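J.: Model the full structure from these sequences, guided by the hints.
Protein sequences, first through last, are from chains A and B.
Residue 1 is where the first sequence starts when you use this note's numbering, and the numbers rise one by one after that.
Residue 1 is where the second sequence starts when you use this note's numbering, and the numbers rise one by one after that.
Just so you know, these hints were derived from the structure itself, not from any lab.
Remember, it's a predicted structure, so these values are computed and weren't measured experimentally.
Any given hint might turn out to be false.
[Unchecked claim] No farther apart than 30 Å at their CA atoms in a straight line, the calculated lysine-lysine pairs in the BS3-like style are these:
id, chain 1, residue 1, chain 2, residue 2
1, A, 104, B, 170
2, B, 170, A, 107
3, A, 337, A, 206
[Claimed, not checked] To give an idea of the chain B side of the interface with chain A (calculated C-beta under 7 Å), a few residues:
id, residue
4, 167
5, 168
6, 170
7, 171
8, 173
9, 174
10, 175
11, 176
12, 177
13, 189
[Unchecked claim] Just the calculated beta-carbon pair ranges, DEER-fashion:
id, chain 1, residue 1, chain 2, residue 2, range
14, B, 178, A, 24, 27 to 33 Å
15, B, 165, A, 114, 25 to 31 Å
16, A, 77, B, 269, 35 to 41 Å
Glycine included, every Cβ here is placed at the ideal spot set by N, Cα and C.
Read off the chains here:
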Amino acid sequence: MAERTKIIIENLSKKFGSVEAISSLSATFDACAFTVILGPSGCGKSTLLHVIAGLETASAGKIFFEDREVQNLPARERGCAMVFQDYALYPHMNVEDNIGYALKLAKVPKTERRERIGRVAEVTGLQSVLERRPSQLSGGQRQRVAIARAIVREPRVLLFDEPFSNLDAQLRHDMRRELAELHQRIGATSVFVTHDQIEAMTMADKILVISNGRIEQFGTPDEVYHAPESTFVAGFIGSPPMNLINGTGDGGAFKLRDGTVLSECGWNGHVVLGIRPESVRVDRQGAVALKVRYCEKLGSHSIISAELADGQPMRLTTPLGSSAEPSSEIRVNFPAKQLHWFDSESGKVIPRRSNGIES
Amino acid sequence: MLALILMFFYIPVFLAFFWSFFLERPFGGGSEFVGLQNFRRVLSDQEFWRAMWRTLLFMVLAPGTAIGVSLVLALAADRGIRLSHPARNIIIWPKAIAGASIGLVFVFIFNPHLGLFAPLNDLFPGLWNPRIDGTDAYLMLLVAQVWNGIPFNFIILLSGLQSIPDSLAKAAAMDGAGPWRRIIDIQIPLLTPQLFLTFVLEFVGSVVEAFGLIDTMTEGGPGGATTLLVYKIYVDGFKAYDLSGAATQTALLMTAVAIMVALQFRLEKRVKYER
Ligand SMILES: Nc1ncnc2c1ncn2[C@@H]1O[C@H](COP(=O)(O)OP(=O)(O)OP(=O)(O)O)[C@@H](O)[C@H]1O
Ligand SMILES: [Mg+2]
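T.: And the structure:
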């Protein structure tokens, strides 16, 4: 079992020339936790991971592993291991040598090396392919070799950069489960980068959502899903994501531009109303009229894309079987408890308590 | 393409082998089959063995140095040492100069009275004089050949290094390998196809291209010190009109080169891998 190592990041910045990939980011990743960094392409996820690993140097700020300051140490002195998106297996070495390379460099005696390779090969189900070259493996096996290579050193910190993005859906699902189990077993502090929110939601102890090199939210999957702190998080998480509707709070009601009232509202002025597609209730007596654009039937449920009275799009999911004809009108209710309110300028959430509805 | 290769390579080679079994009269007048007599004559000739030895030494030293230097330059350029861009341009120049004119340039550079070594010679008379000293002449030829080969090798090796995914170096760094270890354990093994290509080309070049250099720089002298087998064949065949002897030596040279290349191919097979 690896030493318990918590990762503390303080005001970390990384610039590439004039491009600021990470700007003044601070966060603490708990020891032995599985932290997922989630964000759209180009938001600085890989950069953050590389800076933690020591493959890139930070432009400013500090990184601590427990109480050891590491931002100036070279990669090999930090005790991290990393799994790369394209696996980065050494093509000229067989699986055994790939896994054992780090041990060889660390001058671990040959017998112990073989034993440790054997142990991780068993954990990752690779015993039968130890003699093969990476080019003779399937995608899933290569992925396992990459993971085996990372864990064989029993690192304090395990870093993953979108390791499953080259796998097909089924394999991805299996690997998610395998990795989650493996994490339980080895208990290294793990940081996992992805832009796949399903991976994030299913595997994470905590999710760090970033956009443009800044933290949008850092919380448990539940918090990120049920209490998004910004329109960015709300619109990024969930499939389909939360509906964000622009309108005005006026005399206790939330109105669209054309005056249609959608719900109660404790705020005056421009606000953004957020509601999850699955929170919208279809109801013949509903207060809000929607014009259906089209309906995707997915078996377990259907997703209806519709338009509000002033033309803003919104989506809702309905249970099995119910569907709606394009161009027809349906009526829905917005349950007050399921509404999220955001400042239309900053995109930040307006705390529930202060909007007066709930109390 | 195939026809051209056939016409300009296989047929002459075949003819060389064919002729090596005949005695050709220098001024025409038919030829007669003599079996292995030509070979017996050539192989017992001290001059042949000296030229062969010089050739083999040249075949090892020239490609070895040219590729070694190119490899160091390519590794440096690949590491992103800021020299990279200027270096790429400066180093490609010599390729624009044909082999023969490079020879002329080197004759000047190495001229004991006018060239780069003139000041040294002023200090230590007789230190450098390729016109008189056979070793100096051989070295000069070697340097010219190496110089000539560097740009091409550099480009091939650099492009090979650049095609190695960045993440492999990163993975090795995470595994605890410093820059040196990464070169030895990752970069060079993955560069095998390019190294092999440059070795074979350099090898053949050290036999074939060397002719142009010898002809312009030393004409085989002084005292035969730079008479490689190619040049000896030319002298024997076209100056001394010993056509059968030339053909026989050609056949022997071809065999030597073929054996060396075949050995390299075997080596390459053993280290082969798929990316
Ligand atoms: N070596 C570099 N030189 C210059 N800019 C870079 C470099 N590496 C990354 N960047 C820039 O930094 C930003 C963040 O890149 P990063 O690779 O961290 O994104 P990412 O979140 O991992 O994206 P993806 O999901 O596509 O992998 C991007 O705008 C990118 O163009
Ligand atoms: Mg990335």
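J.: So, for every hint listed, does it hold in this structure?
T.: Quick rundown of the hints versus the structure:
{"no.": "1", "hint": "A:104 with B:170", "verdict": "holds, 17 Å"}
{"no.": "2", "hint": "B:170 with A:107", "verdict": "holds, 20 Å"}
{"no.": "3", "hint": "A:337 with A:206", "verdict": "holds, 25 Å"}
{"no.": "4", "hint": "167", "verdict": "holds, 4 Å"}
{"no.": "5", "hint": "168", "verdict": "holds, 5 Å"}
{"no.": "6", "hint": "170", "verdict": "holds, 5 Å"}
{"no.": "7", "hint": "171", "verdict": "holds, 4 Å"}
{"no.": "8", "hint": "173", "verdict": "holds, 5 Å"}
{"no.": "9", "hint": "174", "verdict": "holds, 5 Å"}
{"no.": "10", "hint": "175", "verdict": "holds, 4 Å"}
{"no.": "11", "hint": "176", "verdict": "holds, 4 Å"}
{"no.": "12", "hint": "177", "verdict": "holds, 6 Å"}
{"no.": "13", "hint": "189", "verdict": "holds, 5 Å"}
{"no.": "14", "hint": "B:178 with A:24: 27 to 33 Å", "verdict": "holds, 32 Å"}
{"no.": "15", "hint": "B:165 with A:114: 25 to 31 Å", "verdict": "holds, 28 Å"}
{"no.": "16", "hint": "A:77 with B:269: 35 to 41 Å", "verdict": "holds, 40 Å"}
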